[in-house]
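We have chain A; now place chains B, C and D onto it with these hints.
Chain by chain, the residues run as shown.
4 protein chains.
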Amino acid sequence: MSSAVLDFTIPNLGEAKIPSPILMSHSSGDGMADYVLDSTRILFNVATKAGSDGHSVPVDDGTLELAGPRERIYFNPAHVHAAITTCGGICPGLNNVIRAVVRCFWYRYGVRRISGIPYGYQGLLEESSFPIIPLDPDIVDDIQEKGGTILGSSRGGGDQISEIVDSLERMNVNILVAVGGDGTLRGAWDIGEEIKKRGLKISVIGVPKTIDNDLSFIQSSFGFDTAVAQAVPVVRGAHIEARNSINGIGLVKVMGRESGFIAANTSLAQSDVNFCLIPENPFDLEGENGFLVHLKKRILDRGHAVILLAEGAGQNLLPPTAERDASGNVKFQDIGIFLKDRIQAYFKKERIEVNIKYIDPSYIIRSAPADSFDSIYCARLGAHAVHAAMAGKTQALISQWNNKYVHIPIKVAVSRRNHIDLEGTLWRDVLENTRQPYSMAN
Amino acid sequence: MSSAVLDFTIPNLGEAKIPSPILMSHSSGDGMADYVLDSTRILFNVATKAGSDGHSVPVDDGTLELAGPRERIYFNPAHVHAAITTCGGICPGLNNVIRAVVRCFWYRYGVRRISGIPYGYQGLLEESSFPIIPLDPDIVDDIQEKGGTILGSSRGGGDQISEIVDSLERMNVNILVAVGGDGTLRGAWDIGEEIKKRGLKISVIGVPKTIDNDLSFIQSSFGFDTAVAQAVPVVRGAHIEARNSINGIGLVKVMGRESGFIAANTSLAQSDVNFCLIPENPFDLEGENGFLVHLKKRILDRGHAVILLAEGAGQNLLPPTAERDASGNVKFQDIGIFLKDRIQAYFKKERIEVNIKYIDPSYIIRSAPADSFDSIYCARLGAHAVHAAMAGKTQALISQWNNKYVHIPIKVAVSRRNHIDLEGTLWRDVLENTRQPYSMAN
Amino acid sequence: MSSAVLDFTIPNLGEAKIPSPILMSHSSGDGMADYVLDSTRILFNVATKAGSDGHSVPVDDGTLELAGPRERIYFNPAHVHAAITTCGGICPGLNNVIRAVVRCFWYRYGVRRISGIPYGYQGLLEESSFPIIPLDPDIVDDIQEKGGTILGSSRGGGDQISEIVDSLERMNVNILVAVGGDGTLRGAWDIGEEIKKRGLKISVIGVPKTIDNDLSFIQSSFGFDTAVAQAVPVVRGAHIEARNSINGIGLVKVMGRESGFIAANTSLAQSDVNFCLIPENPFDLEGENGFLVHLKKRILDRGHAVILLAEGAGQNLLPPTAERDASGNVKFQDIGIFLKDRIQAYFKKERIEVNIKYIDPSYIIRSAPADSFDSIYCARLGAHAVHAAMAGKTQALISQWNNKYVHIPIKVAVSRRNHIDLEGTLWRDVLENTRQPYSMAN
Amino acid sequence: MSSAVLDFTIPNLGEAKIPSPILMSHSSGDGMADYVLDSTRILFNVATKAGSDGHSVPVDDGTLELAGPRERIYFNPAHVHAAITTCGGICPGLNNVIRAVVRCFWYRYGVRRISGIPYGYQGLLEESSFPIIPLDPDIVDDIQEKGGTILGSSRGGGDQISEIVDSLERMNVNILVAVGGDGTLRGAWDIGEEIKKRGLKISVIGVPKTIDNDLSFIQSSFGFDTAVAQAVPVVRGAHIEARNSINGIGLVKVMGRESGFIAANTSLAQSDVNFCLIPENPFDLEGENGFLVHLKKRILDRGHAVILLAEGAGQNLLPPTAERDASGNVKFQDIGIFLKDRIQAYFKKERIEVNIKYIDPSYIIRSAPADSFDSIYCARLGAHAVHAAMAGKTQALISQWNNKYVHIPIKVAVSRRNHIDLEGTLWRDVLENTRQPYSMAN
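Chains as they are written, first to last, in full-length UniProt numbering: chain A, 1 to 442; chain B, 1 to 442; chain C, 1 to 442; chain D, 1 to 442.
Derived by calculation from the structure, the hints in this document are not laboratory data.
Just so you know, same-sequence chains aren't split out, so a pair can sit in one copy or run between any two.
Below, in silico cross-link-like pairs of lysine to aspartate or glutamate (EDC-like), each with a Cα-Cα straight-line distance of 20 Å or less:
id, residue 1, residue 2
1, Lys197, Glu163
2, Lys411, Asp190
3, Lys348, Asp301
4, Lys404, Asp61
5, Lys404, Glu423
6, Lys296, Asp284
7, Lys348, Glu323
8, Lys404, Asp421
9, Lys404, Glu432
For reference, chain A alone in the conformation it holds in the complex (with noise of 0.2 Å):
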């Protein structure tokens, strides 16, 4: 994944001196868990090659800071007023993480001032009329049985940056828990940067948010587990819509603007998937080894298809749109329409009959709650981006690499994509699994 050595060095506001109101141990044996120290470091690349002697001959590709709760910490915990916010799309385990982060800074370090900042960044500009929602461990009791997020969300807002700090400032707010995407994670970046210009004693701190699974750095986003079981009953309706009509072809939507993750993942859980289109692979409908032409052979053959795409698949196929979101993401045309006009008209020129059933799940997939494996995921990503903030650490974010709670700069948290790897052994197994041509393109 890496070519050059990444500066993996976490900023921090200062010398984190106070003694954290946590009791841990200094020593192993004592059957007490021990606190995280700054030095501890994780591997980033763990592929290497024997050498004659068998033994690891690694690729330095440099290491990464282990999250947890410090000795010391930096913030005097009666002095703290925290914020959060949730930025971008739904995505389940937001409540999950908001839950965390405040039974985190009340029960472990005793912090009584947690505002919830409504609807995103725009929460914090000064036109907002959406009162702040102060919280506490009552509040968010059972919020993590529900989908989405009690603070609202929403695109937008994150180029304000002067107005936001302005903002952070009135509030004597010290400690900012951003949840949110690739643009969301560039905003928090870029407010550190002022608040540091500023010469301001606030810590930025990131929760990387990608229902697609987009982001580097991070070996999987919270909400993505969720999303491909979601996912996978949809898929088997499809099936079963294809199957049971005369030639029949179920064709699925699912979310994954830049990266096919979602469509890839759920292809190998439920192997009725056929066709697998995602951003990373584009391919040509007609031609000789064009998708239509795959189609039509395995309508022919079997009688039914399904076709699982990623909204971001086929981009190559649509006229462009000029259009932007208020997060400033390129507006899609949607592949799914076009996608089933083209076959519809396809076979109607080679006088097929099909009967083609489209779903698009993607509002039911991203409001369902979080599963188990994103409960326990959030519920430990939120308390490691509170004891990061405690301990004075900022313009960082909580990622899980290798299996580790680790820190990540957001300046190289944002620097690339994350994306399906056509020669990795993800879409190996998904050619595997679908049967599908390692290309469709002519």
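Using the frame of chain A, we list chains B, C and D on its own:
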């Protein structure tokens, strides 16, 4: 519901003289169930007025023949070739019905020739290339755990009566169980008429299938309970989406071409619905009492709204289309997309930011496996269909009425649709729950 | 079911003179639901014999008063202090009923004093230390998504009638809605009698709760559908366990102290059950026609078996216990463990290896949230309880009969239990599905 | 976890000379996945200390061989007779593994002789009366939708090594895939040793199965995610039961004989747990710091408590038993029933009314079908087992480590158990969530 006494007499093929192979009793008190008598009947109408003496003064709207195993049957099981076919769109419970029919023929009557007709009536047409599927208990062992129908389904073919009866004759089929909706049942009646005209001894029994619950003379159709159960989490998701964005509007379209039962019941089950729009209750968009004004009021008051829409609602607002599907049903424009566009345009004009999310879960709902309620129901419907056929009943369908399984002459059953009574208790309770105006027409 | 005409007359507190605040209509055809008249009644018995002319000759078993909002009510909403309590074991749907009661009082009648009585009748005892819970629509907003009851529940207290009525007087409660089973309803009747004796104007309305479905005069009790739905995957798991080990036996115990409805319906919904054992159908273990011989036959034939057991089944086999629970119900020995031990001993003696897995999912089942069927049902039961109380009805319970919501005098309702009729169609269809002998008694 | 460098060298049957029938690439950049090289290895240990220059100073704990398809294979697919067997208790995902193994052999390598060995190693014993099950893609098509294993499973047989190898010889099996736990894998190693001794060319590949997640050298075992997901609603139900009765106590026992991973993870996923009791953390019942005092404190403070118990917890409290199961595992007394009785006795003595509900959902959990996470995992484990076997690897198991699929020598894999590290981050986070004392031993 009724204004004149209907003729509920069930046609039959002749006298049932053969002793049933099913061991049952004639007398109560011996701990063993009794054979059902043709003369046991169920009142159609249970509503009445108390007389001056407090006793019942029933309105005589006729009585229905009780379904169940008879002591004497018409067909010699050793001579029976039974066929079953499933027509129209898929619906939860189809496989359960198939399974129950096969098991009852096989285990209870000892019938060994049972054929599955593929893809509905089309599978009986001369040019059909789909092979007949021999059925036995092993083949149907686990099929109820899957949605859809192992026989496949299609619309159409139901008007080629003569050809279908030719096929039945050629195949020596003497019992045909047809599972389907209004069109299928009309076809079944006509097949029965043609059989009578030719002097054949073929029993045609219908099992009514309508996920919309829009057939009269059946208290609730199979698959309907599952459909509502499937719609509930979708509406919950729409509510999450609506609450979590600024002036969020969740718009969900469910099945219901002519009757809004799924929408109405879902509104009772999941009380987040603010507007339940059904075909029976036309509404205006514009004007003082129009839907858009009421929606705006809700948005200004509460900041979010959930709209649940039956697909046949608001047809008065749409320009008619000339298209019909293969069953001859008028094709509607998609009211969901139409409404979404109109809402967006309206709020844009009003300069109010709204975030609207449109969800169409139809295929997800109808491809689900039957829930336990429908599993029980279908198991019993299927068995009763077999009992009716073996007793020589014909041109009848199996229905549940006042919680009893009964026979209904198909001709009566297709004589009117089941609609939500706007003055009845169901709609009254929906309005109570949604607190929407009882009329949004000007 | 009935042998003599029962008196279904509903007691009331006096003439209802106050116009209802609910806007409804008097006449059909205006598109608005009508007020319900006391004189509108529902036939109790729908079974009949065809006369020589084919018309109905109904057996007059009496008629039931239709439930619903009346045009004139007895209580001035401004003067109402309503109380609600939930008694006995928990059951899916309790929170739905509470919610519906609160919302109907609040939104439909404008009642603003609604009190939740904690832990059933115990919360009304003098020495109760549990605070009364004030209820409004905000408090009950989402409670239906959780199992159990926000009011808590307990057995007992129901015999301290005088003390309870003292409390109601002291609190100025004029409406008491009691949700509970047989014992609770007897208590409610007695409370009503005491109120009458004291000349008070307090309405006592019961909402019948029995997960076992063992109350007569209610076609199916709330929570029952959910219980069956929850039991189905447990039986499926038992079947998996049984099939996957050598001579595997899955033994599942479900609720049903006196009536085996959950076991019977689950056997219809999940046809893997080979032996359905219910209280109504005593069986022997030993002997030629005993259960163990039949089980051995099944094991030798097929190599696995699934047994579904109602907790009250086989009580004839157990030595009686003298213990009673707080509601006064006889405590049974655990037939599940008893049967498991006897099966193991028997096969050991027969030198046949068996692998038996015993599953008791009771608490998992009864703590589940209501499914959509029960959600709808509870929403409507709760609203009808409020309509009855506001109209001045008392000592009545809300029931569904022949698919209509009706009032039943509590005294009649508790006069007999609901049992599975061994000669009826439900048990007939269970035997057909399990293919077990209709009797396993010698 | 490790203190000395382990020998991770994988045994093999000889040089792999036959070109693989799988079309892959040798070079990156061509859009096609590459064959995996034996020399590509994964670091075992990723934790490190930052050197003075911030760079990694990895602790060399050895490296693991990457799994995946090789360019040259050892067996000629046309000569392969592959066998697969599943041993021990059932676990979610077994059918998924079987299916993946069969499909990979069949579709990727063209192997046509694949045999299912019934009931684990017992199916290979001389006296076994269970027929071998021929497997192909049709037979395994839908099996993953069901829990359990279509091959059946049993303990025992794993010590009759010589007899098993005799059977493999007689059947001309040259690949044996054994899916099972610690005992099964020890058996597989011994089978491999006997094969070596006899100079046979039979590859034995293990797929590690432990629902308890108690195998070392595998980051998480298949079925474990599903087990936690299944346990969560049970704990939610216990919480409902506890909250809804006076001083309610919900006591849930989950699997975990030697390691408490299911209990710990469930406590993180469902934060209603107040006491998580695991084998790794012995506790006292009595005494000042004993469990009962802490439970009493919780009950007096909050009126309810939820206890989640691994089945192996508190064994120090129980008198030992001499019994062992067929796999040779010590049979424990049921700590759940023991604890329930002790809690009741304690509160009776303390004269505090408590209502305790004990739930043991083990068979429900382990018979569930795999969730999407485990479905993906098993699909990939199974395929990798086939790739390993075809390449001539033997006495190895397929594991996931640092998110990569790797080969582990079985001998190393069974050399130690996986336990929760009481000083590690998992247990730290559990304590943070439950807020129970880190020790309840005096």
